[in-house]
Amino acid sequence: MQTFLPYPDFAASAAVLDQARLGKQRVETLQALRALVIPDYGWRQHPAIRMWMGYVPALTVYGLAMVAEWVSRGHADTTHRQILEFAPGVLEDPDVAMPPWLGEPALHVSHQSNLIQKAPEIYRSRFPGIPEDLPYVWPEPEHELVPAEPEGRRLWVWRAASHPPEGDATLLMPPVPPSGRAAPKWERQLHTFEEALEDGDAVAIADPDGRHFRTGRVGRVLMHEDGLLRPASLHGWLERSDFDPPALLQDPRTLFSVGLPDALDD
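Sequential numbering of the sequence shown, starting at 1, is according to full-length UniProt numbering.
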């Protein structure tokens with residue numbers, strides 16, 4: 001996990017990267033953004049994540065710079081929309097706040113050095129005179145900002161395997177995840193489904209494409225031979241753009257909550 005910054009300028013950093021690392025930067029930026037925004041995602045104690053705490057829009061701009069360079073080299077891309085969802089307004093904002101460590105020479109030289117260590121045949125000539133044995137410089141965040149589950153009025157989101165039906169639906173939580181192996185995250189999902197989700201709570205069931213959401217209310221939890229079950233009565237729709245930010249919907253969990261969207265706040 002890394003966001004390479006051999007230069008303070010994001011576009012210049014992207015331009016100097018070799019093909020393989022440039023391509024990976026798009027994916028690793030997306031993982032970093034999810035770790036900073038989505039509760040229970042993981043990775044949040046990695047120093048490459050911690051250094052961006054409090055600067056999600058800046059990291060979004062960095063990721064988009066990587067995508068722009070990748071596309072300019074003639075490659076297809078599927079990450080632009082997902083990255084932009086974390087800060088949808090950055091393309092129109094010329095004054096996105098940048099982290100205070102951006103521009104510190106020691107940080108950028110350490111990234112140049114580590115790129116030489118990884119691929120000397122590529123980077124030695126790109127960064128002449130740079131020591132080849134420097135450790136990474138990892139800035140600590142100004143504040144410890146860990147994503148938390150929403151408080152107050154919230155909407156439960158259920159990730160469905162098929163298009164939700166009109167009217168009534170059934171939410172079934174099996175005792176083990178699809179992989180067939182018990183895991184702590186799945187245990188937390190079961191507990192949430194049984195204890196945190198309450199009769200009458202607002203729920204949105206996602207279409208498999210993740211663009212549209214059928215909304216309604218859930219009923220009480222029931223025991224079923226295949227796991228835990230809750231009925232749901234569905235009567236409305238939400239679009240992905242109704243969520244703020246829509247990146248919260250990149251949560252990989254089967255069941256999770258977000259702050260109640262304005263479109264449902266009656």
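Keep in mind the hints are simulated off the structure, nothing from the lab. Being a predicted model, the structure only gives us computed values, none of them experimental. A virtual CB, placed ideally from N, CA and C, is assigned to each residue, including glycine. You may find that some hints are simply not true.
Unchecked claim - Listed next, the in silico EDC-like pairs over lysine to aspartate or glutamate satisfying Cα-Cα at most 16 Å (straight line):
#, residue 1, residue 2
1, 118, 140
2, 185, 77
3, 185, 133
4, 118, 40
5, 24, 93
6, 118, 133
7, 185, 251
To be verified - Cβ-Cβ distance ranges computed for the label pairs, FRET-style:
#, residue 1, residue 2, range
8, 151, 74, 45 to 51 Å
9, 151, 68, 32 to 38 Å
10, 94, 176, 45 to 51 Å
11, 176, 42, 16 to 22 Å
> Of the numbered hints stated previously, which ones are contradicted by the structure, given in increasing order?
Replying inline: Violated hints (numbers, rising): 1, 2, 3, 4 and 5; every other hint is consistent with the structure.
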